[in-house]
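*Asks:* This is what each chain is made of:
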Amino acid sequence: MVSVISNVETGHDDMIHDAQMDYFGTRLATCSSDRSVRIFEVKGTSQTLIADLREHEGPVWQVAWAHPMYGNILASCSYDRKVIIWQEDGHKWKKVHEYANHDSSVNSLCWAPHEHGLILACASADGSFSVLTSTAHTWESKKITSAHSVGCNAVSWAPAVAPGSADGTSRSGTAVQRIVTGGCDSYVKIWKFDSATGEWIEELKLEGHSDWVRDVAWAPSIGLPRSIIASCSQDRRVIIWTNDGVTGVWQPRELNTFDDVIWHVSWSVTGNILAVSGGDNKVSLWKESLEGQWVCLSDSAKGQPSSEQRTL
Amino acid sequence: MKVKEVSETANVAWSPSDVYPAYLACGTSAQQLDASFNTSSTLRIYDLNIGQTNLDMKLAASVELPARFHALKWSGLGGERTGLIYGGCENKAMYVYDASKLMNKAPDYQVCTTEGLHSGPVLTLSCNYMKANFVACGSSDSEVTVWDITNLSAPIIPGKKLSLGANVSCVEFNRQVEHIFASTCAGHCVVWDLRKQTSIMTISDTVSRMKASSIIWNPSVATQLLLASDDDTTPWAQVWDLRYATSSLKTLEGHQRGIVKTAWCVHDGNLLITAAKDNKICVWNPNATERGLEIVGEFPSYNQWCFDMDWGQRDPSLVAVSSVDGCVSIYSLLGSGQPPTQSDKFSQIADSFPGMEMPAVAPQGATPQPIRLRNPPKWFARTAGASFAFGGRLLSWNNQSKSVEIAQVVTEQALVERSIQLEAALSQPHFAPFCQAKAEAAFQPSDQILWQYIGANFDSSPRNKYMELLGYSTTQVSTKIHPLISETEGFNAEFLADKMADLATNEGSTSSLDPSEQFEMIASGQSFDKTPETEVSETEAEASLPIIQLEVEEKEENNHGLITQALLVGDLESAVELCIKDRIHPHALILAAQAGPELFAKTRDVVLAQVDGSLSSLVSAVVRGDLTSITTTCNLSKWKEALVAALTYSNDEQFPALAESLGERLEAKGDPESLLSAMICYVCAGSLEKFVSCWIKTRPETNQPNNLQDLVEIIMGLQQSLSAAGRPTNLSEGNAVSSLLCQYASLLAAQGSLTTAVSYLNSATQGDMVELRDRLYRALGYTTGTSNHPSSQTATRSSNLRRTSTPQNYVQSQDRVWVNYSLACAGDLPMACQKPFYPRILQSVKIKQPSDELSILPTQYTLSVQDQQRSIYGDQSSAQPALLTPSPGFYSPLPVAPPVPQAPAMMNQYGVMPSMGPVQPTPAPPTVPPTGALVSGSFRRGGPSRYVQEPARTALPTNMLNPAQPPQPAPFLPPPSGTNPVHLNPSMTPLSAPAPPQFFNPAATSATNSMYGDQQQQQQVHQTPAPPSTKTPAAFDSSVPRGWNDPPPPSSSRKQCAGEPKFHGGHSGDKKLLMLKQAKLLQQQQQQHETPKAPEPIMCPVPGAIAPDLPQQFMGFQHPQYGAETHAAGAGPAVPVAAAATPEPASKGPLPLEHQVIQDVINEVQSRCLHVVQNQQMKQRLEDISGKMEVLYDKLRTGQLGPVAVSGVHRIVNAIQNGDYRGALGVHAETIAKGSFSELSSFMPPLKLLLQYCIQLQVFLQ
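Protein sequences, first through last, are from chains A and B.
Taking the working numbering as reference, the numbering of the first sequence is continuous, increasing by one, and the terminal residue is 312.
Taking the working numbering as reference, the numbering of the second sequence is continuous, increasing by one, and the terminal residue is 11262.
Hints are computed from structural coordinates only; laboratory data are not their basis.
Idealized CB from N, CA, C, for every residue including glycine.
Treat the hints loosely; a few may be bogus.
[Said to hold, decoys possible] Pair ranges (Cβ atoms, derived):
id: 1; chain 1: A; residue 1: Gly-223; chain 2: B; residue 2: Pro-10672; range: 21 to 27 Å
id: 2; chain 1: B; residue 1: Asp-10018; chain 2: A; residue 2: Glu-9; range: 46 to 52 Å
id: 3; chain 1: B; residue 1: Lys-10058; chain 2: A; residue 2: Lys-142; range: 49 to 55 Å
id: 4; chain 1: A; residue 1: Ser-141; chain 2: B; residue 2: Gln-11256; range: 52 to 58 Å
id: 5; chain 1: A; residue 1: Pro-225; chain 2: B; residue 2: Thr-10150; range: 24 to 30 Å
id: 6; chain 1: B; residue 1: Gln-10052; chain 2: A; residue 2: Gly-248; range: 20 to 26 Å
id: 7; chain 1: B; residue 1: Pro-10445; chain 2: A; residue 2: Thr-48; range: 53 to 59 Å
Here chain B stands alone, though its shape is the one from the complex (with noise of 0.2 Å):
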């Protein structure tokens, strides 16, 4: 098929090779005429248009000229660019053309004629292909004629003319040798020397009489030319050897008729191409050895002879073919082409001769075949090549060899280095030296301190490590207080106020020292004052237990004999009044703990308001546990100092959530310090996520392989650093760290490390982390299940194991992300899915509990916690624990206010604590009488210590306490710590009951054991009502290592009160250190119990005022009963407290009508929150929300809210119909302001949590 197509009658010449786009030269042929008889000439060119996928060329020149031509040439060489065109024309000339100037239309296009020099017409003409300026012309009557076109005066006639008489039909120059070339004159064959001017050879064939009509040279071997004759009787072509001229070394036969024309391909001698008048061209390989086989492929047919061909200069697979009918065309050797449109040309010639004896027409609508080479050229093959192959392979290969060779490509050396020296202090037992190393090496002051905040995780103490950091070394700060404290005795509230107060100076650093705690070891001093055992153990109490005044005289100046009065007929609250008035704080606050909690919690606001200075703010948010709030609204400038105050006050379940709401602020800001400090925040609160979306935010650039290695780095880091701390977290599950981490390990993978990119992506559970991990399996060849591998399964590695999966894993969930297709083959993707197995920390804690003297029979108690996944605050079986559970945010003083149904369910837990439970329905405290105990000097004395202390010595809960540490340095161990087990076991027996079954999961346990470290410590092996005998103490322990500064895993976490620590922290700036270990001892025993038991210390009553009222309670402390793993056994006094216990929340009424609105709005705009949300974490709280809004709805059942809190809570939720959650938050703050904390603490914190989440998600009731 041709690829381009022209009427023109013409010989045609293509443009030099460096000519581009290339263009045909087409000059009027001397030797057709056609049907016009037109004999004028003309000289076309024309663009090949090669971009066009049609038969049309552009034309882009066209110039009458004076004759016809016999031959064309377009030569590049010389100084025109565009080359020159040499035409032999008809009247005895030879002209010379320059082409730019012809497409330029430019008049002087013509260089030089050689017009009147030659004898006859110009009948065939050769370019020097070496040298531009010779042409060799041959005319009629044998002459030959070399020009130097620079110089036509003197031509070169190469030797003596011979004398045959006849047209020289063919000149033809050497390809490789300049001055030699060949022409041909009546069948005979001249080879001419230009230096020697004479002829050196001639050839005739003498055996098979061809007359030569045309000379081609062979292109790439000097010496060898190919002849071939017009004459019908020889069709032949002739390969000749000058070196062995005696004969031809083949003939190349196929042509019925003469060859007109031949030509030799530059490119590849191996390709011939001969046209002859019977109608064929065909291309030979005229060095094929079989013979036979020269013929390799064939023009389509048009049924018309071609007179002029020429073979593409630029293009070698491009023919451009002249032929009778008036036609040019082009074809590709390589088979394309378009299909003709003009069959019937041939037809308007067999018009013109009607006696010539034409072929019949060719049928309409058969396509001619396109040329197809048996071989391919040997320009077409590509005959070397590079590709690259996964793993940053590179394949190579080329013509030299028949091997490919297999390379590794390296672009990141100092990735691959960096990356090297992380995995090996991955594979350390201690990533610290690591941490420590990154600090000491980093550049950048950011890096360093990010590092040393990472680091921090691996101290022994990492909160103590954090405020060292921050500036707030906890030892330092004491050093500081110590002269302080030690010049005073016992405590009051503005002596503290003045330490606060100085300690604000000092970048207002917080301690521990902040009142609340005082109050409540003052409280729980005082109520176990008259045991023996405190007055042993405290020793500070002796000297303030004087002679007790009893002034009842009435002075102007104070109120001192009223309150003395008033504390004489036990009107504490009149008493409390009157101290406030006199602004005796103290003695108001002591007085009101004792009356109760709710005079506590009012007289406190009262104090706290009366107090002036931003000390008060800190002391209140301190006092009512409201971190929240520190973190939320403190200047920016001082976020270290919110920090450090979180760190201090807040819980390991809360903390997390402190520091990153104060990063996220921090963050919000944006200028580049803000950043790290938000990253630092997020380091603190171990928010992978949130810290990798901050990072990003300083150097967006992450895609340059040093950040992203800096940041993995960090990542891992962080990673190791919250495994050490029991915090494991799953690196696969933010979309910003697996992102990161997925190109990281691709980046990786392109260095060729695929092993180490692998361990990445263990814990993959996303697409495309996990197709690359796939990919990498595969590329090391781990074995992945398919039929074809059923290799070893060895694939797992200990680093494997560090991020927590083996290529098992991926195999079975290889299938989610890709489907079966039904050409797969099926044995080939491995089937079933398992996600990683990550211990759920669903928790059961089997506590021990030897007698000692209390009685307490040798138990065994267990109870459950549920785990984090499942929320136990949303959890239907653990309806009770919800509304028993205070809110994270606040301390919750009071128990929250619990319906009447499940009052029982709260006098079983708080059994203990008579203050609660049954007394709470009825607020009204026990009019204590006043007793020596409350001289504010005898506060201290330590029931706590008694209380914690003696279960220490008999190894009671050796889960909690570190054997590394022992009991005795904890004198002031809050009472909780003793208490709880104590006291709770009970009510949760029957909680473990509904747990999940795979919370028992011993295998777990042990398998995460490296990884899952302290975490596993909490998890113990659940088996519910278990015979005591199955756990001896001794089992138990070496089982359960625990180091008191281990933070407790994420799970309890959960659960545990915000304010708890600081009611529990010891009151003596020198013992700070000692308070702040047991304040988080404190915390992992209470997030074991998730019940509020904070209360305890304040709502401790002196026993003996209490006891009369609810014995059974006071019994249920001081008796073992809760030993009996059920309780249901009606054995102790404790058994109508069980009993009642279980019937319980499925009962629940509706609101009252005026209040459903309330429940109405907060689900509806809760769905809604957990509808958009994405962050699980956030998923997680929301959830929690309901549970704790449970609290709210059932205070409004029975009716126990105030107006305040009632009309309140009716605001807000107006406010959040109306989508006004600022306004909101303003009712929120104003109603906590002036209601009563422990009406709201419960629920107002999670409401709080609430309209914040809807704000940052955007959800609108509307």
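Just chain A, same shape as in the assembly (with noise of 0.2 Å):
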């Protein structure tokens, strides 16, 4: 069900804090403490390596690729407090944009559907996320402070389709701008661009996790009216926050509860399949089965877990 394909040896000399494939699933970037970025070109089983990016002055926690129709750009953020943004430029990569607004690592960023515009959220320690909108020439950047006490950890944003338009005719321009943020206050809050004023309003503040939400993931539309949200914590749970999109209540529902810290959760393009990965290097993926109930479909561990991983 998981076959290996291919190992890219990164070349980082520090730990590997994240690997994203482009749109095409053809360019994938990493990021490490080791304060670098690497692209590579990975065909097959074969990559190649053509940008090493070293701008950033602490480890670079995540990396995000817009959407391609705005270009080649891909976005990293750092525990030196900076958002920096690449763009490829002929067949040089070079940074156009940082953004150091932040008082304290940045811990998450993410794109926003490129129906709303080349848009990028960004999630910090000091507590606030910020919205950076690409505009004809320059950068905009809206903060929103505490967001969470203690810090923000990750954001993801709600798809272009607005829940309750099943047929994706209300794309953007109508559709409702959401972000979703988890932090160390262990809660996960939903924000909601109001046009009117320009602001960024916490629309809703989901309690479930009784530690650090280390991520969360809207789920990708799949053109049905709900919506659902991953989110994943210090406290070694998993949950998938589901709104069926006409009682607009979220509904929790625990995935599992782990043996170690969870990292990361990530949906597949689709949708439908929830990657677990966690502070014991054990992956899993989850789907919903037809009655509504999460079921894990795989689970390998690779390597030992790391012994200083701090498990609650």
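Please assemble the complex out of the two chains, which come individually in their own frames, going by the hints.
*Replies:* Here you go:
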């Protein structure tokens, strides 16, 4: 069911924190504690390093590819409190924008659905998140402070198809911009962009975790009115939040309590499979059964769990 | 910056790590006095209130206690989940409180106390990290005691009491070894072993003489500890390792004044905090190798020193700090926090102690810097992860290596396997075996049935196969009928009616033995009765040529005498009336046929009205060619029969609509069985879109991969079968189909089957599909034209061709979807879009007709037929044919009453048919004297055969007749097949000139050869008047292999007359199969001539009778002047006709004023329909309607319509204006019933269609 195709030797000098494929699945971006971002061209089982980006001054936590309609654009965020937006110009990758308005580590970033425009959200340990919008020639930023006390760990955009419009007709323009964030206050928060005031307002606070929320992931729309958010936490649990699109209520369902801290949740492109990964280096895949139960499709352990991870 | 803050002068302790939410205990400190000199003691527990993004904490518990605290600890070990709070107090006692009871305000919150058991105040205490019940206390006078709180009566005094007489400033248990702890007293550190009950080591810094006042053990290295000095002269901290205890490993220097408190992070041994009297709180990395770089961070300065500190147990990023200014603050090591609200707090203290040396007031508004650790804490970084990528790829990484693993996730193994099978089947030249296999393997009977129907199109004769599946195998029925037929000779309507009744008992099977066909045969046979060939070919007729009895006597029992008399004088009308009166229907009909179409139609209707029973309605429908009424009114339980009828009588153009309408009715019924039936209808009709929407009704959960796969298999099967039938479909046209395919493709893509997925999207034209296709192309590394990928363009696969497109197509359409963004590299976005090319089916057929005994010159006929996309009916350039075109639903026995200016055109076309054209305006049929030909038995002789066979023998229309089917077996091929090319070409020639240029596209034809199979055969390279020499018959033949059963392409079929087949069908059951084939062939031929030639058989008069009247027309038939590409040359008798044809439709006058409303209303309602219609097919038909309505207008202009028809139309229009479509339909039916068929047939069906569409689309004029 899960068959290894290839192993990309990244050549990083330190721990890898993130790896993301671009929209087409042909390029791989990785980032590491060695403060670098690397981009590989992946073809079949071979891969070529095409860029080694060294502008960050701290561990780089995450990378994110923009939708290709905007060009070949990659964003990275780092412990150095910066977000850097890189763009391929010709055959060369270079920094096109740097955002350094956070007081602390920028932990997570996520591009908005391309329908909204070239917009990047990033979450920082200073408890705030920022939304950077590319306008014709510059980047405008809006910082939403005190989103999560102690720190904001993860951010994810809602798909552009608004809940309740299953037919997908209400694409951007009418679709409300929403962001979900997860923080050290163990909350998952949903933010909505109020186009009237131009402000991001806290729409909902989802309580369910009992420790740092490490990652949140809003599932891609699969054409149904309902919305799904996955969140994972230091409390070793993954919660699936489901909004049927009718009542507007977010129903939590605990996916599982794992043996270790869960670092990441990632939805498949089609939005039906969730990959859960955590401190024990295990990756498990989950899928919702017809009965609405989440079942584990596969569970793979790789290596030994690191001894120094914080488990509770 | 602070995360939280509370005004307390208190020692602090965090709740244990497993308590949620986190609490902070604050016990009034014994060492500090606030300005009020209050010495009362309070223990408060605060809820961290982390959810609120402000500085406030929630008070969870508060109790007054007898003494203030020197030390406070909160341990989670033991029975109580919320743990126990230990307080070392000034009153020489240690207290143990139950935290949960405190918070619940239970009175018995105190667990135990060592009151009176210490010699001095308990200055310090340490809870054992592994054994819950042990706690070490340090008091004055070097007293160190370890208590078992479950048994306070037996304190452990570890070893000999030091005789230093000083206070014990700190005790601390080792983190890893439970029986080891250390204490500091008078600058010395003593390590105790509880097991041995002795001190095992004393650490004294003999070098720098640092006096240790506090100890903290390394959380991860058992033998290491950190000693710090609160002496301002030695403001250092030293790391000692007990294994090398001669000197310290490292000295942490940085504070200017004595260090009050230290804390070592349990989760990250590289983090150590020291708080000193220089108001600084420093974060160190005690393990830093490089000297001077140990300080990794500093807490924001609030200009007040801190005397107590606790590292968060639950959240290691939080540190609670108690400062002497009476403030307990919580800081986050990660830098978050709130802007300060009480920057002037220290000034209060400065006021209280004016003598003290206090720092200057901090500048107002200065925002303290957040803590910024040089490196992230260990617990902060995520060390492993996994993320999905396009194509079901899963990336994963962890701290075990520096590599990223790429894996393929396949969650729908079954789907992938089935898709591979489907792909394999699709790549085979023959898809039929797959259908068969599917049918055989089907679990559900419904699937089996559907697959059988889909497979039917791969059969050599799909229609027969369909009928067989429906339970009406033609051969079976033929066998049933054959004996009956062979008993009789010749035909009469009653006998036929008996047969039909017979069939009806067998579930109303429809055969091709309908009366009209017979009459057609009869009529045509009669008309050519005198030609010698007919005699030869018609053997059956021989027997029925007996002596003609000319009985003129009038008898009582019947009117035979009168009839004979009437016949003798040529009063056919009276004869017919008499026959009807006598109920000699066959004779009546025969005579009427002879008399002319008008009379025939009238007679027929009367006869049908007289014939009783359900059968007559079927016969009526069949005769009128009103198959629509069969499919729209039949009892749904007899849907099979209706479908069989449609299969039998409709042409390929008409059939889909019929089957579809039947399917719609069934679908509307909604029960599972009906839905299945509806799906069968849709399969037969080839209505993918409707099929899919119906299928979804039966299986709502199409998002389940297996169901989706089922559906896609059927869609692909249907598509294959349609294209095998010469009706290629574009899968991306319909919404339901394309969205399903998109869904399917994305599902496949998610399983990593990218190449397969992309093959379903090659013809994509819509947003989502194109987007997905683009993604797949790029994912597959296909060249997309960007500058980045100059790789070779090898993307086109044969399977792509299957779905008609290539990546290049994609590339070019890409930027339709993605706007070029300012930030985007321009080179990345491929430019230009081009729709996939579909050979549009403007057709031109060239017929090479060698000379034969009819002395037709070897000339070439070129005619063009408009393609389906451009409706000929609505097309201006083809206004003329539009008028001449019969409505699909009706057979019009009479030419559509052309308006005067167009009469010449008619003549031109129907030159050989004297009863038409010029004859038409004067409907009175020539009074043909009765001849022997009228004897019923002779009706069968084969005029048709002559016309068919001869051209066939001379290999005339090779593009029409399959070489594989020699002409010989087609003795009954009805006249039009042979005559049409001859008749029609001349009139068509002018039409070919305005044909659009794209029409001529040999490349398209060849490129799509494999896909479009049969269709291509019809697509001849069109070159307006091409010289005959350019096309030799051989070349022509080879390029046009044609199967007699090949359905015509949808394009041409649109022009076909619905009622035609029955007029040309055979008249004998045992020849039925053949007739069917011929009917089909005929249809094909007819489709190439968009003019109604169906009337011919009926019209065709006895040549001798008519020829004198219209010599030039007849000559036109006989002579090859049409062979000349341009008939403008006045060579032949047809010249005036051709000349007259040119100045024409533009000069149409307005409608008579009283009728103008008709046109207005119809145009209005039609345009409204067009406005709202979504379905392309419907739209097409709607557009066709206007052309057809021209016939009505023309008739109105010329006043050709009878009062019944005129009033009927007016009433219909009136009803339309009132929005009463049901009423309009009622009037419609009524009008048809009452009116003259020939008058109405051309425009009433489209009018009805328009009404139906109005209902369907909910279009109203109001």
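*Asks:* For every hint, state whether the structure bears it out.
*Replies:* Do the hints match the structure? See the list:
no.	hint	result
1	A/Gly-223 <-> B/Pro-10672: 21 to 27 Å	holds, 25 Å
2	B/Asp-10018 <-> A/Glu-9: 46 to 52 Å	violated, 40 Å
3	B/Lys-10058 <-> A/Lys-142: 49 to 55 Å	violated, 31 Å
4	A/Ser-141 <-> B/Gln-11256: 52 to 58 Å	holds, 54 Å
5	A/Pro-225 <-> B/Thr-10150: 24 to 30 Å	violated, 60 Å
6	B/Gln-10052 <-> A/Gly-248: 20 to 26 Å	holds, 24 Å
7	B/Pro-10445 <-> A/Thr-48: 53 to 59 Å	holds, 55 Å
Violated hints for the displayed structure, listed by number in ascending order: 2, 3 and 5.
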